[in-house]
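For the protein sequence lines, the chains are A and B, in the order given. Residues in the first sequence are numbered from 1 upward in steps of one, following this note's numbering. Residues in the second sequence are numbered from 1001 upward in steps of one, following this note's numbering.
Read the hints as simulated data drawn from the structure, not as lab findings. Quick caveat, the model's predicted, so the values are computed rather than measured. Incorrect hints may appear among the rest.
[As the list claims (entries may be wrong)] If you anchor each label on the Cβ, the simulated ranges turn out as follows: (1) A:Tyr352 with B:Arg1144: 22 to 30 angstroms; (2) A:Trp343 with B:Asn1077: 35 to 43 angstroms; (3) B:Val1058 with A:Lys363: 42 to 50 angstroms; (4) B:Ala1185 with A:Asp237: 27 to 35 angstroms.
By construction, the Cβ of each residue, glycine as well, lies at the ideal position given by its N, Cα and C atoms.
What follows is the residue order along each chain.
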Amino acid sequence: MPQEPKLAPTLGELLQERGVSRRAFLKYASYLSAVMALPAGSATALAEGLANARRQSVIWLSFQECTGCTESLTRSFSPTLESLIFDLISLDYHHTLQAASGEAAEKAREAAMAENKGKYVVVVDGAVPTKDGGLYSTIAGVSNLDMLKATAKDALAVIAVGTCAAFGGIPKARPNPTGAAAIDEIITDKPIINIPGCPPIPEAMAGVVSYLVSFGKLPELDHLRRPKAFFGETIHDRCYRRPFYERGLFAEGFDDAGARQGWCLYKVGCKGPVTYNACATLKWNGGVSFPIQSGHGCLGCSEPDFWDQGGFYRPLSTNLREMGPALAGAALAGAALGAGAAWASRRHQESYQRDQSAAEGDKK
Amino acid sequence: MTLLEFARGPALQVAMIIFVLGATWRFFGALLLPWRLVPAEPRKGAPSPIAAAFKGVVVKMWPHKPFQKAGMFTFVNGYILHFGLAIVVFLFAPHILFIKGLTGLSWPALPSNLVYTVGVITMASLVAGLVHRLRSPVLRLISRFDDYLSWLLTLLPVLTGLLAAAHLGARYETLLAVHILSICAFLIWFPFGKLMHAFMFVFSRAMTGVRMGQRGAEL
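Hey, can you work out the whole structure from these sequences and the hints?
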């Protein structure tokens, strides 16, 4: 009798092997459900989905980036279980984390693509240079552009991690010499989830992957393809300094009395009012702090083109373009036009009076 | 380019240039015209032109007794509207920052919640002014397109500003962009319509004061 092929162990079985209790696993699922604002009762569904899921093949592509996103995820103070789940993903290709290099690494990627055709998830950090055929960044002689297209072709979904992958980020900043583009500008026929941030919050990454693995579908996304659970509210809306904004109490600099008293950082350029992210609620380093709590305004790093918004220390309500010379020129031109109009009017009046006088003289 | 970038960037730049160019054009165009006073000799005991001008500006700030009953709503509502607008425009922290970015000048702001309240009162005053205008046959008769457009372009920045503050109707960045664009429309129309009275009313009242004073009329 032919033997049935042995299926790979489920995540639940693997966790059991590693000594993770069901109670701890349910606790983790509840935590993820809570941070993703899932409906009541979904923690159990999430736990069951995760427990019954098999290792998800993940191919991680790093393009024009600084490795900050990977650093953020691997060095996070997230729950250890989260790291465990991350371990349990079959990370088949990742420059920074994989042991293989050179041709062996590329073969691992190709093998994973062939074995999990249509089922693997592509995670991308970094923008993709598109100018001049994408020659500004290559891996093993293959341009990032070609590698992304080839890898995403048979993928289940693509997750763009970090602002560079999601929106182009710093590589795309003006003047964008390499023609850097976001992933969704290149891949248009696959489900794409953007998890922006410079770097992104580790919980957002873990939450999205867990959701994808357990429910087999994308979480609810906003118009920029960001999961609403993490990018549904602005930093400003959830900022603990918000009451100072309402009371009109602002720090004027980073070392004045207002700054020392923890007043609102709007005047020193905080972009919290237009930045959608979960920094103010989930925070960083195990919930210790986030930039505003540490005394610096939000840079707006999870928003498109955050690098080109007129300067990190320019308040949001100020104009983006330098106007001084243009306005001075407009004032001079306006004054000249006004003087010209008045002069023409005077001339007209004088001529009219002359004509009137002449007409009266003729009558006499 | 996002809508907010467009609003904060090229739209605001173009609107500001048109505003400054148009306002200085009209301002100098009017002030450099011949100052035609009454050709007749001033009446005996007539105040000096400067005193008459000053009186003309000040006295017109409150209605004459015979008109007080009929004109009280217009005056009181006008004051609420204009003080409200001044508070909202010049004493809200983000607006002060905008002015500081342009001129380098800044001053203390009022608490944001207080400014929001004043904004609501200002908007109510604008609506009341329109209702009053529409209900009065005389005012309706003398109202032109300019009056209604100026009213609308004054209302929109207040309305969109309040919506942005309350995050009502759309995402904050969209509301902020729409708010800035409504200000752009206001700035573009300002020099060419009746909104220009903000700069010209002092001169207009002063000239009336001088002419009346020269004739010996009681202001």
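Each hint, compared with the structure:
no.	hint	in the structure
1	A:Tyr352 with B:Arg1144: 22 to 30 angstroms	holds, 28 angstroms
2	A:Trp343 with B:Asn1077: 35 to 43 angstroms	holds, 40 angstroms
3	B:Val1058 with A:Lys363: 42 to 50 angstroms	holds, 46 angstroms
4	B:Ala1185 with A:Asp237: 27 to 35 angstroms	holds, 28 angstroms
When each numbered hint is compared with the structure, no violation occurs for any of them.
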